[in-house]
Amino acid sequence: MFYRENGQFKTSYRADQQIFPVRQDRVFMLALLAAAFVLVPWLATDYFLRAILIPFLILSLAAVGLNILVGYCGQISLGTGAFMAVGAYAAWNFGVRLPGMPLVLQILLGGACATVVGVVFGIPSLRIRGLYLAVATLAAQFFVDWAFLRVAYFTNYSPSGSVSVPPLTAFGLPIQTSAQKYLFVLALVTVFSLLAKNLVRAAIGRQWMAIRDMDVAAAVIGIRPMYAKLTAFAVSSFIVGVAGALWGYIHLGSWEPLAFDLGRSFQLLFMVIIGGLGSILGSFFGAAFIVLVPVALANIPGWFGLPLSVDTAAHIEHMVFGALIVFFLIAEPHGLARLWSIAKEKLRIWPFPH
Amino acid sequence: MKRSTLKLAAASLAAAGALGAALPAAAAEQFIPLLAYRTGSFAPLGIPWADGKMDYLKLVNERDGGINGVQIVYEECETAYATDRGVECYERLKTRGGGASGFDTQSTGITFAVTDKAMQDKISVETMGYGLSQSVDGSVFEWNFPLLGTYWTAADVMIQDIAKQEGGMDKLKGKKIALIYHDSPYGKEPIPLLQKRAGKNGFELLLYPVTAPGVEQKSTWLQVRQSRPDYVLLWSAGIMTPTAIREAQATGYPRDKIYAIWWAGSEGDVKDLGAVAKGYKAITIHNSAAHGKVYDDLKKHVYDKGQGTGKSGDSVGTIAHTRGMMISMLQVEAIRAAQEKYGKGKTMTPEQVRWGFENLNLTQERLDQLGFGEIMRPVKTSCANHMGDDWARIVQWDGAKFQVVSDWYQSDKSLLDPMVREAAAKYAKDKNLTPRKCEG
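Chains A and B, in that order, give the protein sequences.
For the first sequence, counting from 1, position 229 maps to 228 in numbering that gives the first Met the number 0; every step adds exactly one.
For the second sequence, counting from 1, position 218 maps to 217 in numbering that gives the first Met the number 0; every step adds exactly one.
No lab work stands behind these hints: they were computed from the structure.
Cβ atoms here follow ideal geometry from the backbone N, Cα and C, with glycine treated the same way.
Errors might be hidden in some of the hints.
Claimed, not checked - Below, simulated EDC-like cross-link-like pairs (lysine to aspartate or glutamate); rule was C-alpha separation at most 16 Å, straight line:
1. B:256 with B:165
2. B:116 with A:45
3. B:379 with B:397
4. B:400 with B:271
5. B:310 with A:15
6. B:121 with A:45
What the hints assert, rightly or not - Sample of chain A residues at the chain B side, in silico, Cβ under 7 Å:
7. 46
8. 92
9. 96
10. 148
11. 161
12. 252
13. 255
14. 309
Please construct the entire structure, taking both the sequences and the accompanying hints into account.
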């Protein structure tokens, strides 16, 4: 009834090719962003910002990055944790070795270093595909884990091998309280999501998708596989690297390579699969599912006053979480993003489905 | 149309958070958060430890009716030894009940992550026998309390005991000592001290990292077989410990040349190995292998009433459980010390509890009253010294139980103090902190 595009006429290609061609979508999105920027930092509790929203946003960004590679270009990667680690450690090293460098620049340079590493480990993708490529990217994971554990230079010879960041400021403003951190992360995530969305709608995005759908056919119609695959690795690892730098700087504040281990790579891959392969929106859904559900499950017994011990709760959480993943994959193999678009379709003809 | 599920979830979670925050904070209650890992590869260590912490709090509530009448409320949070989950637990529990009394994170990695946050949130971090070794310096680390010992004191004591076996510090020259460690901040902590010792006493230090979680150690022990170190120091925890002992057996390395850190030296680590682990040595923090009156109280007031945390109760009396009780006892005594100053029978704020941690003074008489007379030596903390007094003894597994085989040791302050000061000063510089002035 309310969600209907009747009467919204497009008179130019430009208008027809917007991210949200339907006016209601645009209004909703703008309202959501306004709420996220204005209302949430004002209303949400410290715990909610620090322990839920900030990790959710950062992991969403990482999932967006991974989705470009896996969902749009079809190159399976198990090295996401490694690229995050490169971003985080590189940003930290720039900060430590060149004091006075602005925070945003550190983070972007961290992303740039992750790009280089990502492209290097993306080179095998020119020859191998599918599961074999996944195994090759696994090498990135192990190599990076090893490098940050054993090469003392990267941790500035910190005796414990753990690094921690000094108090942060950006553009002369302190980033100390949870609201400041949240806004900083939110701003970066918004910018990069918009960037990613526009990239996948552009020519380069179509090249990636052509490669994903059938690389031989894509090559025949004039798409260079090397260019397309390596740009996908580059863009993906840049965004993932930025997310890694944010994870280290803003969320943890102090970290060790364990924070970016293989488990993190799998976690991100699951986010992308559950959220929806080849969907920027799906990355947010996937991150929300993976970040929020365990926290919610851990808290549910408490809300009902059930005297469950934490280990039982943790085990139940694992079981329920696994069951939910299986359920969603059976109910909708294309991920939560597909469920969302089905819902939109239904809403369009609601309340008169015939 | 991006984040509408987020919005929904946000709304529901916010509502839930509000519910959680609105738990009745009655006048005389003191909240103590309990971080624990009862799952994951560290669980064999984490379970008795967490049981010990909770059991002691139950005991204080049951036996004494709380701290001067203030009931202790507590909530456990599962971290699975993961830093990000630990941070989530910290954020969840830090404001409960008017402010958490202190966090025992049970993990070096979580301690690193929480240390910066705790300084801003003004909440104490109690790391008995672990954490940042340089946080002994209370002038820089105002909110950290590595009570009773750190990895540096432990490593120093191990070297002292080795020297004693060899017949003097000068006999260490030319010896080979290997450190087999969990490749994480936890395992790397003792390295600076050992390097310093190696330089001073002339032994060769071999470093063998083991990748977490430590179930794969074949290559490490192959290196041990090749280099034949005279002694092995083992910085392991959880399932890494029994694996290491099995590998030592397979390599033919004598178990009585192995010195394990306290987290690798509890009954749970060696019980199933029995005779295989015979001779295995471990360091204890103070004398945590001993039993005290507190066990009788615990049995009478908690376990006989069916209130015990451990379901079967067989973890009671193990070294890990005792350490858990010590941690809770120090926390409770810090609150009590704060009450002496700021008003008995009142709920203490985190700042007031911090004062209590910094002004702990547990005399032998007081420890006897508490039932810890056998287990600990007197401890006194101060503004400059957040560790108190480090004491340690060596225990050895005889195939059925741990026997105390050494006298009391204390770390060499002439060696440690400059290291602590230097590392703390570096930390202050990195973080742009101005150290407080401590009197005296």
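Under the criterion of a CB-CB separation shorter than 7 Å, is residue 46 of chain A in contact with chain B as hinted? Constraint on residue 46 of chain A satisfied, holds at 5 Å.
Checking one constraint from the list: CA of residue 121 of chain B to CA of residue 45 of chain A, max 16 Å. Satisfied? Satisfied, since the Cα-Cα distance of roughly 15 Å is no more than 16 Å.
Hint validation: residue 255 of chain A versus chain B, beta carbon distance must be below 7 Å. Holds or violated? holds, 5 Å
Holds or violated: residue 310 of chain B with residue 15 of chain A, Cα cutoff 16 Å? violated, 65 Å
Double-check residue 252 of chain A for me: the hint is only fine if its C-beta lies closer than 7 Å to a C-beta in chain B. This interface hint holds because 5 Å falls under the 7 Å limit.
Do the alpha carbons of residue 256 of chain B and residue 165 of chain B lie within 16 Å of each other, as the hint requires? Holds. Residue 256 of chain B to residue 165 of chain B sits at ~12 Å (cutoff 16 Å).
Hinted pair, alpha-carbon criterion (16 Å max): residue 379 of chain B, residue 397 of chain B. Please report holds or violated. Violated, because 34 Å separates the two Cα atoms, which is more than 16 Å.
Does residue 271 of chain B lie within 16 Å of residue 400 of chain B when you go C-alpha to C-alpha? Roughly 11 Å between the alpha carbons, so the hint for residue 400 of chain B and residue 271 of chain B holds.
Mind checking the CB of residue 148 of chain A against every CB in chain B and telling me if the closest is under 7 Å? Constraint on residue 148 of chain A satisfied, holds at 5 Å.
Are the Cα atoms of residue 116 of chain B and residue 45 of chain A separated by 16 Å or less? holds, 12 Å
Please verify that hint: residue 309 of chain A, Cβ, nearest Cβ of chain B, below 7 Å or not. holds, 4 Å
Cut-off 7 Å, beta-carbon criterion: hint that residue 96 of chain A touches chain B: Cβ of residue 96 of chain A sits 13 Å from chain B, so the hint is violated.
The structure fails to meet hints 3, 5, 8, 9 from the earlier list, while all remaining hints are met.
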